[in-house]
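Trainee: Residue-level listing of the chains:
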Amino acid sequence: MSELQLLYNYLIVGALLFGIGLIGFLSRRNMIVMFLAAEMMLQGVSVSLVAWGRFHNDWGGQVLVVFIITVAACEAGIALALVLMLFHRAGKLDIAFWQNIRESNQPRFVDHELPADGEAVGQHWPKLTPSGIEPPAKEEELVHRIHV
Amino acid sequence: MLGQQWPYAVATLLFAAGMWLLLPRARPQGRPIGAGLVCAGLALLTLLVHFGLAVGVEGQPYWSWQAGLPHGGAAAVDIVFLVLAAVTVLSAVAAVTLPSPVYCAIWFGMTLLGTAALFLYQGAQFLALATVVVYAGAILVTFLFVLMLAHPEGDAYYDRLSWEAMLSACAGAVLVGILTMTTLQAFRDPGPTISTKAQSPQVAQARATGILASEHVASLGGQLFSSHLVSVEVAGTLLLVALVGAIAIVAQASGNRLDRMGHVGEMGRAEATGRAVGGPTHV
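Note that the protein sequences, when read in sequence, are chains A and B.
Here the first sequence stands for residues 71 to 218, numbered as in the working numbering.
Here the second sequence stands for residues 598 to 880, numbered as in the working numbering.
Just so you know, these hints were derived from the structure itself, not from any lab.
Note that the structure is predicted; figures quoted are calculated from it, not measured.
Even for Gly, the Cβ is constructed at its ideal location relative to N, Cα and C.
It is possible that part of the hints are untrue.
Calculated from the model, a selection of chain A residues having no Cβ within reach of chain B, i.e. all distances over 10 Å [to be verified]:
no.: 1; residue: GLN113
no.: 2; residue: LEU198
no.: 3; residue: GLY202
Cβ-Cβ distance ranges computed for the label pairs, FRET-style [what the hints assert, rightly or not]:
no.: 4; chain 1: B; residue 1: HIS813; chain 2: A; residue 2: GLU210; range: 52 to 62 Å
no.: 5; chain 1: B; residue 1: ILE844; chain 2: A; residue 2: PRO177; range: 33 to 43 Å
no.: 6; chain 1: A; residue 1: GLY130; chain 2: B; residue 2: THR834; range: 36 to 46 Å
I would like the entire structure built from these sequences, with the hints used as guidance.
Mentor: In structure tokens form, the structure reads like this:
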């Protein structure tokens, strides 16, 4: 490949990585998967930077990618600590659980259609015999959990 | 002008529809079709890029493959690059769309390896190594570690749901389509600066002593610690601050857990009952 072909091929791979990461960040609800998607967008930018650096015969692109990796490591450390803290408070990784911090003029999000139970897709858990009186379920939990 | 852009629109549409079908939804139907559509969209994009189908000159049909290549040369299809790019992009698609977060993390590791190989292919040896060591070795393992800590119960319902799968798939696909189109059209009529920059013998000679020099890591280190010394120091400080911040956040969280277990007095107990409901209590 000529240098020019190399450049635009890499730019398009970078655009694809960025776009796929964008789709994942916008659509997934698991906080950890959202951070994976954000890291994927950073990867797309890194690919483009390395390609430009090669094309212009300049070290700036690669140096910038070194700093991107540094910042990504910091980001991952803090983000995962934050995710763990949120998990300890909420008991789940669902980002929809934290929708109370949305703008006050936005409507509340409610799941209209829940997916089939895990057993329908091949998961099996041991069943325990229920004992005692079932406590009343909270409304907040009824919205988000299918088992109560 | 607009008539030349329909292949990009087709590729974008195929990609968006495939991503929509692949993303987890309440009724997961048509995922094989989605995978096929994504592959078709990416293949069409590859054709557009490599054979210049849509960078055709006005008046020539799209199927005259070599008509519109930049600089009029025949397409040099680079098998190694194609394989690396396919591995990277397809595992990125898998990492974003699979329901189980553990598989997402593992496929993201595959994306990282593909990216590292792409870096190596560009001659960026140190970055390839750093990507494997830092990303795949440290960050990804931390992701998996947190998943094991926080996700002991198998697939949760929220992993099998998406926010607005169709809208986000369209947004991402349109972004990719527009970026591809503008990139290729910018290189369709490259200005004199670009073409001379890429081909002049002076540049070729500079390359031998510049970014493709044999002592790659030494040169990169020289650049880092001469022109970018302050940035390196700031990055080191940033790492330290991030370390302190992460420890502070986790320490605060474990303090809350102690509260909830009732090891504190009345004030802490009242606070703990408020928290046991989960999250901020106002609606």
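Trainee: All hints, please: hold or fail.
Mentor: Comparing the hints with the structure gives:
Non-interface call for GLN113 (chain A) relative to chain B: violated, since the shortest CB-CB distance, roughly 5 Å, does not exceed 10 Å. The claim that LEU198 (chain A) lies off the interface holds: its Cβ sits roughly 14 Å from the closest Cβ of chain B, which is beyond the 10 Å cut-off. With a cut of 10 Å on Cβ distances, GLY202 (chain A) stays outside the contact zone with chain B, its closest approach being about 20 Å. Between HIS813 (chain B) and GLU210 (chain A) the beta carbons are some 56 Å apart, a value that agrees with the proposed interval 52 to 62 Å.
For the pair ILE844 (chain B) and PRO177 (chain A), the beta carbons lie near 38 Å from each other, so the given range of 33 to 43 Å is met. Take GLY130 (chain A) and THR834 (chain B): their Cβ atoms lie about 21 Å apart, and the range 36 to 46 Å is violated.
Violation of the numbered hints given earlier is confined to hints 1 and 6; the remaining hints are satisfied by the structure.
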